[in-house]
Each structure stands twice: as structure tokens, then as C-alpha cells.
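Number of protein chains: 2
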Amino acid sequence: MKVDTTDISSIMNEKLLRLEDSYDQIDQVVREVMEQVKTFGNQALINYTEQFDGISLPSINVRAEEIEAAVQLLDPAFVAILEQAKSNIFDYHLHQKEKSWYVNKSDGIILGQQITPLHRVGVYVPGGKAAYPSTLLMNVIPALVAGVSEIVVVSPPGKDGKVNPAVLAAASLVGVKEIYAIGGAQAIAALTYGTETIRPVDKIVGPGNIYVARAKKYAFGKVAIDMIAGPSEICIIADESQNPLFIAADLLSQAEHDEMAAAVLITDSSTVAEQVKLEIEKQLSNLERAAIARKAIDTYGNIFIVESIDAAFALANEMAPEHLEVMVEDAFLQLPKIKNAGAIFLGKFSPEPLGDYFAGPNHTLPTSGTAKFSSPLGTYDFMKKSSVIYYSENELKKVKDQIIDFANQEGLGAHANSLSVRFAEGGNK
Amino acid sequence: MKVDTTDISSIMNEKLLRLEDSYDQIDQVVREVMEQVKTFGNQALINYTEQFDGISLPSINVRAEEIEAAVQLLDPAFVAILEQAKSNIFDYHLHQKEKSWYVNKSDGIILGQQITPLHRVGVYVPGGKAAYPSTLLMNVIPALVAGVSEIVVVSPPGKDGKVNPAVLAAASLVGVKEIYAIGGAQAIAALTYGTETIRPVDKIVGPGNIYVARAKKYAFGKVAIDMIAGPSEICIIADESQNPLFIAADLLSQAEHDEMAAAVLITDSSTVAEQVKLEIEKQLSNLERAAIARKAIDTYGNIFIVESIDAAFALANEMAPEHLEVMVEDAFLQLPKIKNAGAIFLGKFSPEPLGDYFAGPNHTLPTSGTAKFSSPLGTYDFMKKSSVIYYSENELKKVKDQIIDFANQEGLGAHANSLSVRFAEGGNK
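Protein chains in written order, with the working numbering: chain A, 1 to 429; chain B, 1 to 429.
So that you can see chain A by itself, here it is in the shape it has in the complex (with noise of 0.2 Å):
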């Protein structure tokens, strides 16, 4: 872990800016793959998971009775947990949802939002090692939160052909009865393009790896995609009061994840900066992911000092990470500085992993800076917004001869002809 007493912004940026540029050779792929699977539908599906995958699949639907009968697998504690997540969830996102509004302008005037659910969603789960149920229920339940009526997922087949069952069973415990076993940019082509058994969705979102994150760049457009997520950040800004075993242990649960990922404190206190370094060393050892961690906080790891804690969230606030911990007195009261972050964590008892699966706010969070512009996947993604409008006919007179010379003003007169057509002699029957 290097510490720094600059706080040179571009340093950082720099350093946080994991993103390659140029996709040139995976684009080219991931081109193929959509157009071969939007050609020859699932033919495609299984010859490409018999490339990428190595896997012989009889068929890419996963049975009912498979995804029912997986939560017996589980251990019945783990189950309780899982139910626990879900209910915290739950409970979370549906504070999210998202009400149609109507206001009466005048007598005549009625404007308004309505708001309505997507009608089918398509959610990535990685295979593999990343098979996580909280990916499944991070994704599908603000979707069921919603009022999506149709929620299909998909998730690469393991070795033994089969998707994960920690993943089937979160699936059979949210009520989700549509799984493919398929991955990777030929999943993502299926559900834009439809093949003869899966039909096409109106949204894709979960993570995946950087084919799947091209081919949602991709499909971008002709479906809606919830982001394109890079590796995972975590930014500590923490004062003397905070103890240095917590930060420590807070960074490296993020380093642990990816050897790109990034944990960075920014603090004031040069000795909570010498303890958390020696810290880290010190825990770095002892976990079963030293290898992936030790990484990740020796390329992207950083400790910056800086002259107050103000000066701190200025610099948070240009990194917009994805995970920032609050670690200061009087955490609360920090809450109008933070502009750019994903998930803000309050206090030295909120760690970041209580929000990876439990609190109940979502762990699909802007990363790579994309929190000064985007959000927390949420209910409201999957919801949708259309403007109504009525006037009377007593308005509209009033109003007419201004569109009609705004119309005619932008050199549109079938638009001001619109408006005349009503009000013309004999027009109005």
C-alpha cells in the first residue's frame, strides 16, 4: 500500500482509470457472436457453449423440478439467510417505486406522468467461480419490486453442464421460473434477438465479463442495458478517531475481489495513514484470496493524505466511487459534501460488505468514476415514464395562435395546421 501527500486529483484519476480504451479484437468477436446467434438462433446458442465453454449441452433450458429442487441443496441456515437478504431487499427497493402523478394546471388543463413496469426483463448471472445468489437477487428483485411480469435469466453452464444451484435456488426463492443455461455475448444475443425458444426482453442487466459487457454495449439501443460495470473501488475517508483494523480489513474486502480493483483511503491523520498500511500487511496474509488482494493493493492501492477532511471529500467526490465509507465523527453530518458515489457507509459499524448482501440497498453500483453521472441499479430502471397531457377545447383556443406562430416560427405548417384545422369554420363538428 503507497501512501501519497499529494492529493493531486490526476494522479489518482489516473490510476483509476482501469477502463481499456480500445476493444478492437473482443468487439470483432462479440460482432460475430450477436449476428450468428441473431442468424441461426439457438444452433448458435450451443455450438458457442461448446466453444467457449467446452460443454455439450442436450438443451439450454433449465427444468423446473431442477430449479425448485436446488434450494434442498443448500444448507437450511444458508437458506434462512438468503430469506433474510431477500426480505431486507425487498423492503429497500420498495421504497424505490415510482407513482404516477396527475396536476390540474386550470379547469381545462390536466398534465401528468404515468408510470408503468417494463414487461420482460433478461438478467446475466456469471458462472463459474463469480456464481453469487446475491447477483440473482440484487437484479430480479427490483424488477419483481417493479411489476416486471416477466423475468428470465441466464447463466453459463458449469463443467457438468448445469447452472449453479446456490444461483438456482436464490432464483426458486424469488418465484423465478425461466433459466437458460447459457453465457457469455451469445446469451446477451439471445435475449436482443430472440431465437426460437427464448423470446427477446426489454432490458438486459447483471454483470459479467468483459465480452458480456461488450455485447451490452452492443445490443445498447435496440434494448435497454443497466451499465457497463468496471472492477470494484472502495474509497475510505477516515479521521484519527477510526480504528485502523477496521479500514484496513474494509480495503481489502474490496481488493479481494479482482486484481483491478481499487482501495484507496483518503485521510488526515498521517498515523491512521502508517497503521492502516501496516495493517494491511499484517491481515493480507492471513486471507484465502491473498494472492488476487495483495495485487489489487499493490497496483491500485492508495493512501492519500490530505489537509482536512474536507479537502478529503473534494477528492472522493472527483474519484465518484462506487463504495464510500464515511469513517469521522459525526458521520451524518457529512452527507451534503458527498456529490459522486455509489453507496455512501456511515459510521465505523456500516462496512461496505454489510451492503454486498444484506442491508438491502443494491450492490449494482456505478464504478469507474460513472457515479458523477449514473445510480445504484434500482426499482426505478425498471419502470418507465410516459408524459400525458389534455387540454379543453376553451384552452387550447386560448393557446392556439401562439404554437401556431411558434409552429410556423420553426417552419412547420402542418404542425401550425394542427392547431387551425381545429378552430377553422365547419372544421370543428
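One or more of the hints may lead you astray.
Since the list gives no way to pick out one identical chain from another, each pair is judged satisfied if it fits inside one copy or across any two copies.
[Claimed, not checked] Capping the alpha-carbon separation at 30 Å, the derived lysine-lysine pairs in DSS-like fashion look like this:
id: 1; residue 1: LYS162; residue 2: LYS397
id: 2; residue 1: LYS97; residue 2: LYS217
id: 3; residue 1: LYS282; residue 2: LYS398
id: 4; residue 1: LYS159; residue 2: LYS397
id: 5; residue 1: LYS277; residue 2: LYS217
id: 6; residue 1: LYS38; residue 2: LYS222
Think of the hints as simulated: they come from the structure by calculation, not from any bench.
Based on the hints, put chain B in the right spot on chain A.
Structure of chain B alone, referenced to chain A:
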């Protein structure tokens, strides 16, 4: 105008799917422009403006005096209309402003969502014949309402090297001070990567030609974008109580936008269908933009006769039109039947052009069926969310074992450690 007695939605979808699937050549140009501007900054902007627009610009900056003076160049009556439109647009978009919220789940748990505005936004306003002051108002006002601090406008220069004065006047009315006379993919590149003069933005909104649209897609991820808009569409659902003159005028008001615009009537009355067909011919000949409207009507104009008004709504939901006029008895009672539409116009005195300019709701709307998963541009597009999580020591203690189990189940030991370190002997100072 063709009258079709089938309601097979696939036919309609094919007609409405006016987006090409392949943009290879355009994307190659866009990519080069993006990279050149990224590398060479202002010089690339000036070169491309010469190459594409045929204009040798002394400077890309539009001076403050020029912006302020623009209002004086307009007819005061038109300025008054712009002011009224501005006021209506502000009013409507205020209702879309989102609020932070917090809930106390127990004495020691607070969960919430903090809402913050985006910091810096770029608005693309097309030039030439399509230079509309309404575009400026509709894109800038929601950002202002959201609380965006920096709004920058780009618009391609006309033959005289200047940005359209009506656009500048509209900018002046809403207080925009940072304007650059650049257009095309190069303008999108400048907003995305920044140049010596132009600082990069967080989000780019506004319509443009196909180069602008593809450049926005290219930039997506690095910055946020609004949507990739296609040609305009109107769908009118009308029963036999409606006036064919109004229906024809409204269909033509969209058809005049663009040769690729779609104008569709769905009715359960063959009388209305026949009369609208005749009326279209009658009105077409009197339009200034008759050639464009004629082409659109011939290619993408359609009248569908269906068995019932319910069938009409089913078909319209499949189409997911940008604009939906509901011209039937008791139009309000039909709202629950509408699942997919950008903007809904209720009753016979709420024609689409009312929404284009004046009523207040945004005219930037999802096209080409994307209303199935997207919303009108709104205040919410310029705000973002951060989850907020607080647990007290006591509350975290209650759930720590569950979180540790969950983390271990997912194979993430450092996540588990972040919990256990907080409750280990001597760990909690």
C-alpha cells in the same frame, strides 16, 4: 395512405423498424473523429468544421455579447411565446424533481437514498434547417431544474459561421452562457474528452444526425447520454366519434418532420379510416413541406382497422409509439390500457404539436419502439442517486454472523473478515 385490415403486429413492426442494423462506414468515420479530437483538441475541431461544414472558424467560442444580443434580433411577440413556453416547461419539470429519503428500520438502522444533480452537462442543438429554439429549451430546462451547475451548448455554425440566432436567443432566455459553434461527431468528441477550451461533461443530451447519434453511442460509458433517437412517430387511436380532419392534420404534423417519419392511425371504424385517407390527400397538397410529408405517408403511413378499441390499444402497445393520441370517448378511462408510449395526448383538443412546443412536458421522447423500456427526457435524467447505509454497533452485532456466513458461502474471506475484525477481542478500540 394505405388502409390495412389486418392487425398482424409483425407487419407494423417491420414498417416501423426503420433503423438500419449496420453503420460500419459511419462508425469508422465517427471513431476517427473521436480519436482525433481526443488527441489534437481544438485544432481537430477547426479542421473538421472546415472539412464537414465548409466553414473556416476563427474561434469556436460564441461570445457572451452575441448570445445576449440574439434576443433583440427576434420579433418581440415570438420572444413572449418563448417566455411562455419556458415557464410551462419549468412548471412541468419541477414535478419531476426527486427528493432524498431516509427510513429508520430500527433504533440503530438508517437506510436511504441521497439525490444529487449532475455537475456538468452538454446539450447538442442541431444547426441548419433543423435549428429549433424549442430543442434548446426542452434540453436545458430539465437540467436547470435538476440543479446542474454547468450547462454547455454546442451547435454547428451556419454558412455565416454563426450559431442560429433563435437558438442563441433561447439560450439567453434560460441563462446559458457557455456555447461553442461546433457540430457533428466532433462536437460530441469535444464534450466527451474535452479540449484546451472545452472541459469534458458528465452527460450529453440532444438530438442530431446519424453521425451525432453514433458518436453518442461511442461515447456512452465514458459519459452518460440521453437516448439514440430515431425518426419521429405518431400513432392515433380514434373511434367513430372523432373528426377525420383533426386526425389527418395530426398525422401530417409528424409526417412533415422527416421522410422516414411514421404516421399510423388505428381505428375500429372503417368510415373514419376512409375519411382520414381522403382528408390526408386534401390537406397534403396545401403543405409547405408536402414533398417530405408525402414520402413519409407513402412509406410509413398506415391505417389499421381493428375490431375493437381494446385491440387498438394492444396494437399501439406493441408499436410503443413516440406520440400516442387517444381520440376516443372517455379518453381518460383508457389510460390503464396504455403500457408503452413516449407521450400520451388525451381527447380531441390535445394535438401533438401542443406538446412539441408549449404544454410543458418534454418533446425528447423514445422512438422506434424504445418506449417499451425508456422514458421522455426529464429532470430525473440530470439527477443521480447514492444509497445510504448506517448500522449501529449493536445492530451490526445482531447480523454479523449471517453476513459472515454469506460471505464465506460466496468464498470471500476478506468480506467476512471486515465483520469479524469489528467484534474480535481487543479489535474494537
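Verification of the supplied hints:
no.	hint	in the structure
1	LYS162 / LYS397	neither (66 Å within a copy, 37 Å between copies)
2	LYS97 / LYS217	both (27 Å within a copy, 29 Å between copies)
3	LYS282 / LYS398	between (76 Å within a copy, 27 Å between copies)
4	LYS159 / LYS397	neither (70 Å within a copy, 39 Å between copies)
5	LYS277 / LYS217	neither (39 Å within a copy, 42 Å between copies)
6	LYS38 / LYS222	both (13 Å within a copy, 28 Å between copies)
Violated hints, listed in ascending order, are 1, 4, 5; each of the other numbered hints is respected by the structure.
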